[in-house]
Amino acid sequence: MKAKLPFLSFLFFIFSVALATNYYSGSSYFYDFPSCKNLNITMICSNKIDLNEFYFSPNCFLVENQTYVNKWVCDCWNGYKLNFTINPASNNTCDIYMVYTQEIEFPEKREVYVHYSETPIVYNTTLNQTINQTIIEKEKIVPYIPEDVNKTIEELKKSLEEQKIINEGNTRTISLLMENLKELQSKSSFYMNLALFLTFLASLFAILLIGRFLSRKRNL
Amino acid sequence: MNKKLVTLLGLMLGLGAAFGALVTVISNVITYSFQSKVPFELVITSPQGCVDNTECNLGTVYGGSTVELGFNVTNRANNDLVGTYKIEIIPRNQTLDCNEISSVKLIDLEKEQDIKDTCVKTDGSVYFNTSETIAKESTVEKTLKITFNKALHEDNYTIAISILP
Numbered sequence: 001m002k003a004k005l006p007f008l009s010f011l012f013f014i015f016s017v018a019l020a021t022n023y024y025s026g027s028s029y030f031y032d033f034p035s036c037k038n039l040n041i042t043m044i045c046s047n048k049i050d051l052n053e054f055y056f057s058p059n060c061f062l063v064e065n066q067t068y069v070n071k072w073v074c075d076c077w078n079g080y081k082l083n084f085t086i087n088p089a090s091n092n093t094c095d096i097y098m099v100y101t102q103e104i105e106f107p108e109k110r111e112v113y114v115h116y117s118e119t120p121i122v123y124n125t126t127l128n129q130t131i132n133q134t135i136i137e138k139e140k141i142v143p144y145i146p147e148d149v150n151k152t153i154e155e156l157k158k159s160l161e162e163q164k165i166i167n168e169g170n171t172r173t174i175s176l177l178m179e180n181l182k183e184l185q186s187k188s189s190f191y192m193n194l195a196l197f198l199t200f201l202a203s204l205f206a207i208l209l210i211g212r213f214l215s216r217k218r219n220l
Numbered sequence: 221m222n223k224k225l226v227t228l229l230g231l232m233l234g235l236g237a238a239f240g241a242l243v244t245v246i247s248n249v250i251t252y253s254f255q256s257k258v259p260f261e262l263v264i265t266s267p268q269g270c271v272d273n274t275e276c277n278l279g280t281v282y283g284g285s286t287v288e289l290g291f292n293v294t295n296r297a298n299n300d301l302v303g304t305y306k307i308e309i310i311p312r313n314q315t316l317d318c319n320e321i322s323s324v325k326l327i328d329l330e331k332e333q334d335i336k337d338t339c340v341k342t343d344g345s346v347y348f349n350t351s352e353t354i355a356k357e358s359t360v361e362k363t364l365k366i367t368f369n370k371a372l373h374e375d376n377y378t379i380a381i382s383i384l385p
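Chains as they are written, first to last, in my numbering: chain A, 1 to 220; chain B, 221 to 385.
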């Protein structure tokens, strides 16, 4: 096994080289990044990397220029299309590492908490009327204060009124259901009484028949 | 024993590849290897029996004669590229001078250009160069027509053609 190790290593090397894709110098290649915020490109080559041997665009900047390692940083965005162009004079074998960060967008959470309380306020008008008015006692806007807060409050008031109407409707429906239930109950009790009465009559009739049968038997 | 070892190695390699792929997907890293290759390819098509694809031995050439070479140039890149031809005439024994050549014509279907004026004398030989744009992923058929001056020294000459980006 030990004797075969160099051979196996050589085979592995050949396999690795074979995995390298052939790119023709002077060509351009494009890579799509559907979701991207920052992109860091590192290129490690087997031969010396010449100036402008590789070119990345758009919005890419060479930040590290070493003999065999070059690094670029790109300002990318969602749907970013990276253009990689190889200088026509290039003759190299390289590994590219593209590390990118994605920006995951959460839906904006807009919550407005409004606390309502019904407080009687007495207005000293000519008629001295007491009016129950709903007032906004406290407002909490989390996590930020929307610009159109008044509009939001109006919307909330409207929805509250709508809810009230719905509640009233629900109450009415429930009361109607209760009435129906009572009616049904009364109807059912009537039928129950009728059934009891009929049972009573049938039992009476049966007792009479048995009495008659017994008296006949005695007479015989 | 060996079978077990091979199976174990295979399993480890498979697991390694699977984990590698998983890590690549999770960590937002794209990795690949590439080898950049020269985009141009030049092949002498005529006359037959040249030394190789880019060099041709003309045999004995006499003053006042004209020699013709056919060759194909391919641009394998996916962009139009400017390529620079270098046409070198190498004598075997004599020393060649620019004024011993009357014309060097580069002909294709679209144009014909004489590049004699670009002659550069080197140690014993001369060479000519010219540049042109070659369309992406295309092959151009060219003919090189060289006319030697009557004053040319009789000798065995070789023509070498190359194209560089």
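Bear in mind the hints are in silico, worked out from the structure with no lab data behind them.
You may find that some hints are simply not true.
Stated by the list, open to error - Taking lysine-lysine pairs in the DSSO-like style, the calculated list, with each CA pair at most 30 Å apart, reads:
(1) K257(B) with K223(B)
(2) K325(B) with K356(B)
(3) K370(B) with K336(B)
(4) K71(A) with K336(B)
(5) K71(A) with K306(B)
(6) K224(B) with K257(B)
(7) K48(A) with K257(B)
(8) K48(A) with K356(B)
(9) K356(B) with K81(A)
(10) K48(A) with K306(B)
(11) K257(B) with K81(A)
(12) K257(B) with K331(B)
(13) K341(B) with K362(B)
(14) K306(B) with K224(B)
Results of checking the hints against the structure:
With a C-alpha separation of about 41 Å, the suggested pair K257(B) and K223(B) falls outside the 30 Å cut-off, and the hint is violated. Taking the CA atoms of K325(B) and K356(B), the gap is near 24 Å; set against the 30 Å cutoff, the hint holds. Restraint check: the Cα-Cα separation between K370(B) and K336(B) comes to about 16 Å, which is no more than 30 Å; the hinted pair holds. Of the pairs offered as hints, the one joining K71(A) and K336(B) is violated, with about 45 Å between alpha carbons and a cut-off of 30 Å exceeded.
The suggested pairing of K71(A) with K306(B) is violated, with an alpha-carbon distance near 35 Å, which exceeds 30 Å. Restraint check for K224(B) and K257(B): not satisfied, since their Cα atoms lie roughly 42 Å apart, outside the 30 Å limit. A threshold of 30 Å between alpha carbons decides the hint, and for K48(A) with K257(B) the separation of about 15 Å falls inside it, so the pair holds. The straight-line distance between the Cα atoms of K48(A) and K356(B) is roughly 27 Å, inside the 30 Å bound, and the hint therefore holds.
The hinted pair formed by K356(B) and K81(A) meets the criterion: a straight-line CA distance of about 21 Å does not exceed 30 Å. Distance hint between K48(A) and K306(B) is fulfilled; the C-alpha atoms sit about 26 Å from each other, no more than 30 Å. For the given pair, K257(B) sits about 24 Å from K81(A) by alpha-carbon distance, which is consistent with the 30 Å threshold. Between the alpha carbons of K257(B) and K331(B) the distance comes to roughly 29 Å, so the proposed pair stays at or under 30 Å and holds.
A C-alpha spacing of about 24 Å is found between K341(B) and K362(B), which places the hinted pair at or below 30 Å, so the restraint holds. With a C-alpha separation of about 59 Å, the suggested pairing of K306(B) with K224(B) is violated against the 30 Å cut-off.
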